[in-house]
Structures are given as structure tokens and as C-alpha cells.
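Trainee: Sequence:
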Amino acid sequence: MSSDGLLKALNDSQRYLDVVHKPQLGKSEAEWLVETTVENFAKYYNSGFIEYRKSVAEAGDFASVEWTGRGATFRDVMGKEYIDCLGGFGLFNLGWAHPKVVGAVQAQLQKSPLPTQELLDPLRGMLAHLLAEITPGDIQYSFFVGSGTEAVEGAMKVAKLYTRKSGFIAAVRGFHGKTTGSLSLTGKSIFRRPAMPLHNNIYHVPFGDAAAIEQQLQIAKEVGNDIAAVVLEPIQGEAGAIVPPDDYWPRVRQLCDEYEVLLIADEVQTGLGRTGKLWGWSTGM
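Just so we're on the same page, this note's numbering is the position in the sequence shown counted from 1, plus 395.
Honestly, I wouldn't trust all of these hints.
Said to hold, decoys possible - Restricting the straight-line Cα-Cα distance to at most 27 Å, the calculated cross-link-like pairs of lysine-lysine (DSSO-like) are:
1. K616 <-> K555
2. K438 <-> K403
3. K616 <-> K552
4. K475 <-> K417
5. K583 <-> K616
6. K573 <-> K552
7. K495 <-> K506
8. K583 <-> K560
9. K417 <-> K403
10. K573 <-> K583
11. K555 <-> K583
12. K438 <-> K417
13. K573 <-> K438
14. K616 <-> K560
15. K438 <-> K422
16. K417 <-> K495
17. K560 <-> K573
18. K422 <-> K403
19. K422 <-> K475
20. K506 <-> K417
21. K583 <-> K552
22. K438 <-> K475
23. K555 <-> K573
For the record, the hints were derived by calculation from the structure and aren't laboratory data.
Please work from the sequences and hints to get the whole structure.
Mentor: What follows is the structure, given as C-alpha cells:
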């Protein structure tokens, strides 16, 4: 990088900081921030991402650029208020800027922002212990990752190691992530096609149809395609909040036991108990 390029980057970063640290923005500052944010996403962030965002595609000249929020509502930089029905795909289950969460984060930042990764940090051990206490059945061990796709990849590897089998059954229109293994389970061509070919011995069936799973398990058994696990979302999220029939999960649980395959519930979006039902009996690992 040239000295001129470095100087420009320093000046740009200072201007960004000057704006984002302000509690409120004037009209001209807000318009500049919207225009700059759209330009930055279009030119420098994840090619194609901005075209997929409804907040930009449907907003006209001024896209919705989030700014601040409390509880269940937030405001964009232009002052327009929204009710947050997405919640960061479930991250904000306590709402925006909950005082207890903010206080805990501030206290931890002042003490230790990140663990060393080499020594043992007490909070990670405490969290693993608490999860073991509240999860159903005899689930004991936790594997902490940074994203849902990593969780699915980990579940796939555990299923293969435990069963010594390699096949999986997933649902059409299901979404499990975008890394190679989880993408192989995902049931939407818009995500799969650019990365084809993906893992083999993956089979997709209609969601909510237990008979289709039974048929696929029977076919796999007859032709020798060893199935390690059936992987499903309790409620499909990316597909549009698709709720299966009430007897679907009990029947799938029964089929997996009958054919001696694992049942993996991908609850990255729904969350354990977040839908109002406890799906513990579906996590048959």
C-alpha cells in the first residue's frame, strides 16, 4: 500500500468513527451515511449480497440502514422506527440492548475481552455445565462454534464417526448452511448449484412427509446406501416458516430408531424451545 493510500484509509476511518459515535445524526449526515453504506456494501462486501436485501431493493433512493434500538423496536439512520420481527435470526431473543446483557458485556470487556484459547477460561466451562443441566435427556458435552453451518458440519462428522456410515437424508427447501457439507444438505438450488458437485450419498425428500423419509430409508437399505442420519429443521426457516404436521416428528423419530440411523434436529434458527415447544425428543444423538 502506498503512503497516499494509507493516509486516505486513515482519514476515511476517522470520518466513519466520528459519525457512528454520534448519538444522533443531522439530515445531511444521515443521507451521507446511507449513501456511503450502500456504496460500501455494493463495492466491497460479499458480491451480490446487497441485491438480496429487501431493505435495499424495496427502499428506493434511501435504503434502510439500521442505527439504534431498544427492546423490540429499532430506528434507521433517517429516524424511521421498525418493529423487529427477525431478531437477528434469533440472536435478539432478549431484544435490542437489554440492560443486563449490555452490563455483562461491558463488565467482561473490562476484565478480559477474549480467552487466550490456550489456557482454561472459566466462563466457557460454566456455559458448558449450564447447557448440560438444561438440555433434555443425557446430553453432556458442548461444542462451541461461531456459526450455524459449523454446528451442522460438526453434527455430520459426529454422525459419521458414531455410525461408521456416510449417507444423509435431508428435506427439500431446507437450509443448513453454505460450507460444503452443510450445503450438501441444503435443499435449495439457488445455494447449491454454483458449488456443484457437492458431497455424494445425500438424499432429499419433501418436508413434512414422514412417508417419504420411510421410503428413502427403505430404498437406501435395499441398495446398500448406508445412512448415518436424517437431518431436518423442526420448522423450516429459510423456506418461509414451514410448520410440519403434529405427527411428523414423532413418526420420524420412530423411523430413525427402526432403521438404526441418527436424527439430527437443526435448531440453529428455531432454537431449543424458542417456538413454544421443546423438541428434545427429536435430537436423537
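Trainee: K438 and K422 were given as a pair; does the straight-line alpha-carbon distance stay at or below 27 Å?
Mentor: 24 Å, holds
Trainee: Does the structure keep K417 and K403 at a Cα separation of 27 Å or less?
Mentor: 22 Å, holds
Trainee: Quickly compare the C-alpha distance for K417 and K495 to 27 Å and report which way the hint goes.
Mentor: 23 Å, holds
Trainee: Holds or violated: K573 with K583, Cα cutoff 27 Å?
Mentor: Holds: K573 and K583 sit about 11 Å apart, inside 27 Å.
Trainee: Starting from K422, check that the Cα of K403 is at most 27 Å away, please.
Mentor: 25 Å, holds
Trainee: Please work out if K495 and K506 have their alpha carbons no farther apart than 27 Å.
Mentor: 17 Å, holds
Trainee: Below or equal to 27 Å on CA atoms is what counts here, so check K583 against K560.
Mentor: 24 Å, holds
Trainee: Does the structure keep K616 and K555 at a Cα separation of 27 Å or less?
Mentor: Status holds; Cα separation ~17 Å.
Trainee: Sort out whether K552 lies within 27 Å of K616, counting only the CA atoms.
Mentor: 21 Å, holds
Trainee: Check the hint pairing K438 with K417 against an upper bound of 27 Å on the C-alpha distance.
Mentor: Given pair K438, K417 holds - Cα atoms ~25 Å apart, limit 27 Å.
Trainee: Is it true that the CA of K506 sits at most 27 Å from the CA of K417?
Mentor: 26 Å, holds
Trainee: For the pair we were handed, K573 and K552, check the Cα-Cα distance against 27 Å.
Mentor: 16 Å, holds
Checked against the numbered hints given earlier, the structure satisfies every one of them.
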